[in-house]
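Residue numbers (our numbering), protein chains in the order written: chain C, 902 to 1230; chain L, 78 to 497.
Hints listed in this document are in silico derivations from the structure and should not be mistaken for laboratory results.
Every clue listed holds true.
Mimicking SDA-like on lysine to any residue, the simulated pairs with C-alpha atoms at most 25 Å apart in a straight line are:
1) Lys471(L) / Asp1081(C)
2) Lys403(L) / Pro1089(C)
3) Lys1087(C) / Phe365(L)
4) Lys1171(C) / Gly158(L)
5) Lys1183(C) / Ile1203(C)
6) Lys976(C) / Leu155(L)
7) Lys361(L) / Ile1054(C)
8) Lys993(C) / Gly470(L)
Since we're looking at a predicted model, the values are computed, not measured.
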Amino acid sequence: MFNWDNKNVIKSLLLIGLFGFSQAGLTKDTGYYGYGKSATQEEIAAWDIDVRPDGKGLPVGSGSVSYGEELYEAKCALCHGAFGEGEGRWPKLAGGFDTLTDAKPEKTVGSYWPYASTLWDYIHRAMPFTAPQSLSVDETYALTAYVLYLNDIIDDEDFVLSKDNFTEIEMPNKDGFFVDPRPDVKNPACMENCKDPATIKVTSAIKGITPLQHIAKEEGANDKASSDSEDQQPKSADQVAVDNELKVGSAIYSQSCSICHGSGIAGAPKFGDKMAWAPRIKQGVEQLNKHAIEGYSGKTGIMPAKGGNPSLTDAEVSAAILYMIENSQ
Amino acid sequence: MSEDSTQSRRQFLQKTALGGAFAGSFSLPILANADKLELPDNLPHWMRVPGADFSNYGQPSSHEQQIIRWISANPDALGNGVSWTPLHALQGTITPNGLHFERHHNGVPQIDPTQHILLIDGLVDRPLSFDVKSLMRYPMVSRTCFIECGGNSNSGWRSNPIQSQAGYAHGLVSNAEWTGIPLKLLLEEAGIKPSAKWVIAEGADAAALNISIPIEKLLDDALLALYQNGERLRPENGYPMRLVLPGWEGVLNVKWLRQLRLSEQPAMTRDETSQYTDLLADGKARQFSFINEAKSLITTPSLGMMLPDNPGIYQISGLAWSGRGKIARVEISTDGGDSWVDAELQGPILDKAFTRFNLAWKWQGEYAILQSRATDDSGYVQPTREALITNRGKHGFFHYNAIISWEITEEGDINHVYGF
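Next up, chain C with everything else stripped away, as it sits in the complex:
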């Protein structure tokens, strides 16, 4: 009996797997197995919130740029900045035009996003971050209009965005995307004598870019490379200790500090910015450690305790500060 049941299950799986759904096998109006329920119109309507580039899914409604500005200041500016410039790690919403080929491209709604529908859809389903799906349809139209206005995609501050005129909006980067044609990068998978050891260079967070002299020497392949090898003077115990601390500091910096100190956001003194660091270094390392470990509110910004990462030890925070100072004076 058990075997017979098993075979039947396998047979029906095979039928579905190989031949697709067969009408002849349909035993219920909810499918072959039929364990689900027919979805009600109410369910379908409640789940139907997505909005497409062709305007499909947009509900009836409208909102003006000026109403959007009011809403934006109340609900969005805290994170995204008064002009959409982004605060902390929150995304920048506006600007960045013609920067996509720059050394530091700025991907914003205006410079990067290909469709306005994405903006409407995302605001409506996921924003504000602390109260998603709390915005009405009209509020969503208004906020979408205002963010487009911040990006100069809408010029007129009296503009009213609605279901009827929505698809007329054209985003500057609408032709900026194409389907990834990967695989795109080849590797011939060489096994022997793949590189001239003298030409191998190594980028290190600690030493910068250096030729790979040690290996050149090992291989005995290039006398010139080994002859101008690094100064091999032995280091003092103190120097070794400092080197080790810098190494730890570099790791912690990358992991936890570079988010703010790398770009100088939220008033953080920027890594390598001697002008910004000089007055702070003057206060003494002890004071800097104290502020970083316990947190600090100053005129230019806020340093959260341990950069907002309480899992760091005091020693790790101090090491990161040492690393930043070493590279900013």
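Fit chain L to the known structure of chain C by using the hints.
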């Protein structure tokens, strides 16, 4: 032996037993020197007292508490960010459920499974809704595969090599056995209309994350997963149900799945336009990348470890995976990519799953750069960082799969470097 020395040895053993992590290793030398006539004193403390009680749900040893996911979240919004699997501290190929990487767009929803509905609608013959109980009745299959975030290893795009441990820079990838219902079966319950080319999936989190998936993938090998490594999904991995799309980037494996809407066109959601797209040097961006291309990572030795013996024999060990199929080959270089030798692949080698590789290496104190290079059964070879950047520029941000280099200094220290 005098009574005093026996007494002090007993005290030492007790102290070290209480001392935690190092008890075992510290007590060993004493055992080696001990007088054989005093056997009872040689017994470790835990053999002299009854052990701990049973537990309803087992936890790792208290000596392994440092093996954790590293959390990198937005300090202003702790539910937005990632946590990294400590790949450098794990062995084998299966990621324990509590260490599977996380990427949340707005926190982990605390879902009551009795209130959760999955809707299949759009271009179907019969729109259907399923509760968890009804789904549990469907035939299920298990498969082991990795899931990798499209943003894994993205520090590799930076000009300076990040000094983080292997898993904390490359551990937005994990490997588990997922059990669930083939998506093909569920879609066919609803009846697929011929015009349906895409499926828009939506999660029941506070981001209501939505994303478009070509229907062919769902009809091929995708699962609606209900179980992870034998137990029900963890909340942070999609409880009560998630999509698992073997070999396709993490964001498509929608957690807390609440809707599959069949459509002619992709929805062009935020996470397939503004995010998870690769900006190239010419200002154009690649979209719909989907596949995680072949990649490998040496987990031992790696940054944060040291080579204690010089000379010494070391087991180089690591993980390789490919979203296109099985790993066919992994080679190791210890000289910055000048010469390569094959590593041994540990079986079973599964499709779109972690494969562990091993190679014994005799180190004689020389400066070395360790690299691994994976090839999958489609013939695709993991690229060098130089080739990747030459092709894609410096601002791809996502989908970084270049060869990873560990520098071994003459002192046996290990650093992350870029070799080229």
